[in-house]
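**Q** Listed below are the residues making up each chain.
Protein chains: 2
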Amino acid sequence: MRRASSGVWLAALLCAIPLVAVAQAELPSWNQGDARSRIVEFVRGVTDSKSKDFVAPGDRIAVFDNDGTLWSEQPLYVQFVFMLDQLKAAAPKHPEWKDNAAFKALAAHDKAALAKLGQKPVLEMLAVANSGMTVGEYDKSIRDWLTNARHPKYQKPYTELVYKPMQELLEYLKANGFSNFIVSGGSVEFMRPWAEAAYGIPPERVVGSQQEVRFEMKDGKPVLTRAPKFDFVDDGPGKPVGIYRHIGKRPIAAFGNSDGDLQMLQVTAAGEGRRLTLLVHHDDAQRETAYDRQSHIGKLDKALDEAKAKQWIVVSMKSDWKKVFGFEK
Amino acid sequence: MRRASSGVWLAALLCAIPLVAVAQAELPSWNQGDARSRIVEFVRGVTDSKSKDFVAPGDRIAVFDNDGTLWSEQPLYVQFVFMLDQLKAAAPKHPEWKDNAAFKALAAHDKAALAKLGQKPVLEMLAVANSGMTVGEYDKSIRDWLTNARHPKYQKPYTELVYKPMQELLEYLKANGFSNFIVSGGSVEFMRPWAEAAYGIPPERVVGSQQEVRFEMKDGKPVLTRAPKFDFVDDGPGKPVGIYRHIGKRPIAAFGNSDGDLQMLQVTAAGEGRRLTLLVHHDDAQRETAYDRQSHIGKLDKALDEAKAKQWIVVSMKSDWKKVFGFEK
Numbered sequence: 001m002r003r004a005s006s007g008v009w010l011a012a013l014l015c016a017i018p019l020v021a022v023a024q025a026e027l028p029s030w031n032q033g034d035a036r037s038r039i040v041e042f043v044r045g046v047t048d049s050k051s052k053d054f055v056a057p058g059d060r061i062a063v064f065d066n067d068g069t070l071w072s073e074q075p076l077y078v079q080f081v082f083m084l085d086q087l088k089a090a091a092p093k094h095p096e097w098k099d100n101a102a103f104k105a106l107a108a109h110d111k112a113a114l115a116k117l118g119q120k121p122v123l124e125m126l127a128v129a130n131s132g133m134t135v136g137e138y139d140k141s142i143r144d145w146l147t148n149a150r151h152p153k154y155q156k157p158y159t160e161l162v163y164k165p166m167q168e169l170l171e172y173l174k175a176n177g178f179s180n181f182i183v184s185g186g187s188v189e190f191m192r193p194w195a196e197a198a199y200g201i202p203p204e205r206v207v208g209s210q211q212e213v214r215f216e217m218k219d220g221k222p223v224l225t226r227a228p229k230f231d232f233v234d235d236g237p238g239k240p241v242g243i244y245r246h247i248g249k250r251p252i253a254a255f256g257n258s259d260g261d262l263q264m265l266q267v268t269a270a271g272e273g274r275r276l277t278l279l280v281h282h283d284d285a286q287r288e289t290a291y292d293r294q295s296h297i298g299k300l301d302k303a304l305d306e307a308k309a310k311q312w313i314v315v316s317m318k319s320d321w322k323k324v325f326g327f328e329k
Numbered sequence: 001m002r003r004a005s006s007g008v009w010l011a012a013l014l015c016a017i018p019l020v021a022v023a024q025a026e027l028p029s030w031n032q033g034d035a036r037s038r039i040v041e042f043v044r045g046v047t048d049s050k051s052k053d054f055v056a057p058g059d060r061i062a063v064f065d066n067d068g069t070l071w072s073e074q075p076l077y078v079q080f081v082f083m084l085d086q087l088k089a090a091a092p093k094h095p096e097w098k099d100n101a102a103f104k105a106l107a108a109h110d111k112a113a114l115a116k117l118g119q120k121p122v123l124e125m126l127a128v129a130n131s132g133m134t135v136g137e138y139d140k141s142i143r144d145w146l147t148n149a150r151h152p153k154y155q156k157p158y159t160e161l162v163y164k165p166m167q168e169l170l171e172y173l174k175a176n177g178f179s180n181f182i183v184s185g186g187s188v189e190f191m192r193p194w195a196e197a198a199y200g201i202p203p204e205r206v207v208g209s210q211q212e213v214r215f216e217m218k219d220g221k222p223v224l225t226r227a228p229k230f231d232f233v234d235d236g237p238g239k240p241v242g243i244y245r246h247i248g249k250r251p252i253a254a255f256g257n258s259d260g261d262l263q264m265l266q267v268t269a270a271g272e273g274r275r276l277t278l279l280v281h282h283d284d285a286q287r288e289t290a291y292d293r294q295s296h297i298g299k300l301d302k303a304l305d306e307a308k309a310k311q312w313i314v315v316s317m318k319s320d321w322k323k324v325f326g327f328e329k
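Sequence order for the protein chains is A and H. Residues 1 to 329, numbered by my numbering, are exactly what the first sequence covers, in order. Residues 1 to 329, numbered by my numbering, are exactly what the second sequence covers, in order.
Since the list gives no way to pick out one identical chain from another, each pair is judged satisfied if it fits inside one copy or across any two copies.
Pairs of lysine-lysine, DSS-like flavour, derived with a Cα cap of 27 Å:
#, residue 1, residue 2
1, K221, K310
2, K221, K308
3, K218, K308
4, K249, K174
5, K174, K164
6, K93, K111
7, K249, K221
8, K218, K310
Just so you know, the hints here were simulated from the structure itself, not pulled from any lab data.
Please take these sequences and the hints and turn them into a complete structure.
**A** As structure tokens, then:
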């Protein structure tokens, strides 16, 4: 390597100062380190109009998984807790559920059985439970539940269990001309009521699983009612489908935490040009929950191998984050 | 009524001048008249933070039908012409189509038969024709076709058959903080390649009918391929469903031209607060095509009755528009 003159170094240093200053003000809950540096370098590259990596603002699409990536999913997906409450309330009207494996697993909080069954039978049962409701009534039932429910460990409303560093990341990307989307296995209705306040993501940028709804006139008024059928599961290989249907552009940045996000990250990484692919690794037993390959909820196994093989960013919650939750002292 | 002092009138007049001046610069292809005035008054009402009708920018959702509302749909929906070319090319591989009613109607340009059959059998046949293609290949086939195809009457590329006054309306709404969405019976893939250039509407704001796509690995690369199944028809009662699934907010303004837009306008009108509901009436046989209640394409019958009963705006292309197309002298 040739030694540069001190003048060149000085110039480089002076040029770097404002960038570093800006970057310091951003992402304050992230420790200095490889993950943070690579995020900041990526954003600089795609937003610098003189860079070969420049991407026009309209194409700066970033997709985020929700459960386990933007907020906690332990000890059980929040929507499962909501569903369980809904199903318990509906059970007297559905004696046929008594022998339903998914219902039994839910009632027993049997995570192993739930993981084995997958989301589909649970979603199907739920689709039956709330079918006939108008979408307005269903929205209200979710909002009411979110107001009253508390996380068993933290005794906080679930909407406070969002990760502070990820909120900062969303804000940082938005300030740099990105359009942030949620792409989640959860249902759109369950995220829309609070995603804008928590993440700055409006309802039209929430992609998720969808129950069928039908248009009808009710007392002379046009309404949409929920039908007893799930018609799209936005998880695993469904995520790239949801992105295609809803966004219609290949993301340049994707953020996940489990094997259910693998295909979304693969599709993002497969595009031409610079890409950011990141997994949140739950390795902080003290501030949150430590889990990966053996977990029934948010299992991270194949995606972790692929991340290592392809040098995707793996964020250690323990060492990369100063804070996990906003309510921490 | 009390007479106001001349000072009050003068003040009111002075205040009004800049607004009128702005409005004049906008919508230049619209004649002065009831339709134009009501549009401008609506936009002033919902954007004036002191007005009781004020709507926050994030909730200023406007939805536009495409065929017959933003561009021409005569003598045949443009996508039908594309489909016909696609089906002709695929026909040798599908001898079973010989006796298919939809194929025969398409090949004969039999609009009466097509109208009677509805979009579904045509979409289904098409779904078979292009299944197995990756979404990238399909996108390319559409772009290639659009580059080469010409409208039989105007001998122009179809993308020039967009209505100039509606382009101005889209721009006017956007400048006033609205988010414009297309909500069309056509398929999303057919609109996305050109909607941004023609209407300023990016791919993620195009809502339409959808063929199923599937994620798979092909030569080690993740791709989406088209499956032989249509899984959502965004027309008539499907439009409010598409809006709910994709946008998640009730629009405050809706623009259509046919009975296929009726439910979208009903749902928009049913919201609380000020609403703008508008139908484009094709009454200009000279510059375009005159049709309504008896037409097989873009039939406007029930929605016209409802518009009259509920005082929705009905735009006369003949008298409300100075120009229909941008290429007119």
